[in-house]
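Asks: Generate the whole structure from the sequences, applying the supplied hints.
In case you want the letters, here they are:
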Amino acid sequence: MSKSVAANPSKQGFNRKKLISKFISYFFLLLLTCITIVPFIWTVSISLKGQNDVIFSIPPQFIPNTFTLENFITVWNTLPIPRYLLNTVFLTFFGVVLPLIFCSFAAYPLARMKFKGMNLIFILIIATMMIPNEVTMIPVYLVIDKLGLMGTYTGIIITGAITPLGIFLMRQGFKEIPREIEESAVIDGANVWQIFWKLMFPMVKPMLGVLAILCFISSWNNFLWPLLILDDPNKYPITLGLYQLQGAFSANTRLIAAGALIALIPVIVVFIAFQRYFIEAAYSSSVKG
Amino acid sequence: MYKARHAWGFLAIPLLLLLLFTFIPSIAAFVLSFTNYNVFTPIEFLGLENYLKAFQDSDFKKAMFNTIYYWLLVTPALVVLPILVAILVNQKLRGIKVFRLIYYFPVLVSVVITAILWKWMFAKEGIVNYFLSWFGIEPTGWLMDTSTVMIALAFVTIWQGFGYYMLFYLAALQGVPKDLYEASELDGANFWKKHLYVTVPMIKPMIFFVAVISTMGAFKEFTLMLTMTDGGPLKASTTVVLLVFKEAFTNLDMGYASAISFILFVIILIITLINQKLLDNPNT
Numbered sequence: 001m002s003k004s005v006a007a008n009p010s011k012q013g014f015n016r017k018k019l020i021s022k023f024i025s026y027f028f029l030l031l032l033t034c035i036t037i038v039p040f041i042w043t044v045s046i047s048l049k050g051q052n053d054v055i056f057s058i059p060p061q062f063i064p065n066t067f068t069l070e071n072f073i074t075v076w077n078t079l080p081i082p083r084y085l086l087n088t089v090f091l092t093f094f095g096v097v098l099p100l101i102f103c104s105f106a107a108y109p110l111a112r113m114k115f116k117g118m119n120l121i122f123i124l125i126i127a128t129m130m131i132p133n134e135v136t137m138i139p140v141y142l143v144i145d146k147l148g149l150m151g152t153y154t155g156i157i158i159t160g161a162i163t164p165l166g167i168f169l170m171r172q173g174f175k176e177i178p179r180e181i182e183e184s185a186v187i188d189g190a191n192v193w194q195i196f197w198k199l200m201f202p203m204v205k206p207m208l209g210v211l212a213i214l215c216f217i218s219s220w221n222n223f224l225w226p227l228l229i230l231d232d233p234n235k236y237p238i239t240l241g242l243y244q245l246q247g248a249f250s251a252n253t254r255l256i257a258a259g260a261l262i263a264l265i266p267v268i269v270v271f272i273a274f275q276r277y278f279i280e281a282a283y284s285s286s287v288k289g
Numbered sequence: 001m002y003k004a005r006h007a008w009g010f011l012a013i014p015l016l017l018l019l020l021f022t023f024i025p026s027i028a029a030f031v032l033s034f035t036n037y038n039v040f041t042p043i044e045f046l047g048l049e050n051y052l053k054a055f056q057d058s059d060f061k062k063a064m065f066n067t068i069y070y071w072l073l074v075t076p077a078l079v080v081l082p083i084l085v086a087i088l089v090n091q092k093l094r095g096i097k098v099f100r101l102i103y104y105f106p107v108l109v110s111v112v113i114t115a116i117l118w119k120w121m122f123a124k125e126g127i128v129n130y131f132l133s134w135f136g137i138e139p140t141g142w143l144m145d146t147s148t149v150m151i152a153l154a155f156v157t158i159w160q161g162f163g164y165y166m167l168f169y170l171a172a173l174q175g176v177p178k179d180l181y182e183a184s185e186l187d188g189a190n191f192w193k194k195h196l197y198v199t200v201p202m203i204k205p206m207i208f209f210v211a212v213i214s215t216m217g218a219f220k221e222f223t224l225m226l227t228m229t230d231g232g233p234l235k236a237s238t239t240v241v242l243l244v245f246k247e248a249f250t251n252l253d254m255g256y257a258s259a260i261s262f263i264l265f266v267i268i269l270i271i272t273l274i275n276q277k278l279l280d281n282p283n284t
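For the protein sequence lines, the chains are A and B, in the order given.
Heads up, the first sequence is in the UniProt record's numbering, so the first residue is 1 and it goes up one at a time.
Heads up, the second sequence is in the UniProt record's numbering, so the first residue is 1 and it goes up one at a time.
Hints in this document: simulated from the structure, not taken from any laboratory.
Any given hint might turn out to be false.
[Stated by the list, open to error] Keeping only pairs whose Cα atoms sit at most 25 Å apart, straight-line, the calculated PhoX-like set for lysine-lysine is:
{"#": "1", "chain 1": "A", "residue 1": "LYS22", "chain 2": "B", "residue 2": "LYS53"}
{"#": "2", "chain 1": "B", "residue 1": "LYS194", "chain 2": "A", "residue 2": "LYS18"}
{"#": "3", "chain 1": "A", "residue 1": "LYS18", "chain 2": "B", "residue 2": "LYS178"}
Treat the numbers as computed from the prediction; the structure is a model and nothing was measured.
Replies: Now the structure itself:
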């Protein structure tokens with residue numbers, strides 16, 4: 001390679017051009033990276049600062065004078081952060097598992113069975129996908145109230161237990177399975193329930209993965225419904241907990257920073273572990289505007 | 001091999017849930033908007049009164065203005081900037097996948113944490129003011145000033161959303177035939193010309209799509225305002241949905257709030273229909 005470059009001046013010019021373009025590309029890539037991560041770095045910096053470090057100053061001080069993990073320890077021991085995390089894990093577990101099951105239940109007959117009314121139901125589901133959640137927010141709140149679910153986790157979990165988007169996605173998944181597979185199972189004497197659980201459900205795993213990611217993000221970050229439904233601070237998930245702490249302890253920026261980072265860690269871990277699904281999930285979620 | 005009872009067996013629980021939390025609320029949202037429902041007093045039919053009230057309500061007008069202003073700040077940026085980022089990360093460079101993941105990550109961050117992070121960034125002695133001081137710009141309290149609060153919120157939205165739209169453009173870019181670029185390079189086109197005359201026409205459908213999605217997102221936004229500024233100062237960052245939220249859950253005027261949210265729904269529906277028309281038209 002280098003030999004031919006030396007022998008061919010025009011090629012050398014081409015390579016230099018390429019090098020410059022590479023340099024410019026990396027310049028912008030790094031610039032954007034800085035803009036993207038600066039708020040996080042700043043938060044890490046605040047969370048590691050001791051009581052004698054200034055938080056806000058111009059120019060800002062990114063490297064603390066006294067490194068300390070004290071803030072994390074204090075947050076963990078004195079604020080109800082572990083409790084909030086546990087609540088969030090609980091809510092997220094049901095916020096992922098229930099939609100996977102119920103959306104599949106709804107999608108399976110809509111994708112594989114032809115009966116009177118199936119089309120109508122599907123059209124209704126698609127039509128409601130056009131209605132933003134913000135518009136139905138008030139009636140959903142009233143339904144939860146009428147069912148006597150105010151202040152309960154059931155109230156939060158049940159609003160997310162099935163979504164038109166989830167049904168739509170799972171229907172796509174079930175549609176792709178070839179007919180012959182069910183037919184051969186019927187010949188083997190399997191009943192419909194067995195066909196669903198043992199045969200069809202495992203075959204839509206990729207779509208289940210996508211839906212699981214979407215539900216994980218929305219459940220872990222769910223803030224609006226806990227805010228509207230819960231009144232007992234012991235039941236708060238981490239988002240609502242931080243929101244309230246931030247109001248109450250606004251003086252203690254360091255602790256809030258540590259708490260915010262603790263809340264972020266699970267998201268980062270899941271993101272890195274399942275990055276491929278996240279990209280897929282992003283495309284799928286756009287179906288609902 | 002399937003019988004109708006199988007289908008309905010599977011559909012029973014999902015339909016019950018949909019009925020309670022999707023179908024009934026969709027109709028109820030409309031019905032409530034014609035009433036004075038406020039939790040305490042008996043419900044009364046008001047006809048179009050709520051709608052007439054909305055068009056005379058200065059808070060509603062202000063919220064509408066704020067929402068449109070926010071949309072104008074956010075959507076053009078979210079349509080154009082991610083194209084450039086997608087072109088940047090569509091190159092074969094070492095570590096490019098890591099950059100894509102980094103840019104996408106803010107999408108996953110909860111609005112509460114985003115609000116906390118950016119309140120500090122926009123503080124009087126925060127990073128944003130420090131950065132601007134390099135260019136000789138005087139520090140301001142971004143979130144305290146009625147004239148700058150929306151700009152700050154729009155910036156946060158762009159920060160959080162550009163990686164999401166980047167992914168869509170990236171998918172579109174990967175469908176552009178490479179020989180088109182080679183041909184334009186042979187014609188001596190520079191970077192800007194190449195992308196203006198090749199990339200933009202080729203990814204036009206995606207540009208429309210992003211414009212529509214980000215427009216809807218802008219018209220529906222309110223949790224960012226709720227957590228960062230609570231709609232203030234002086235309601236300068238109260239969007240339409242935040243007004244709905246406050247009328248419904250602070251003032252408990254659910255009938256009026258429903259009317260406002262229904263007006264919003266009509267606006268969003270019109271945007272969707274315009275989009276459908278544009279997408280169906282082969283000339284666009």
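Asks: If any of the earlier hints don't hold here, list their numbers in rising order.
Replies: Of the numbered hints given earlier, the structure breaks just one, which is hint 1.
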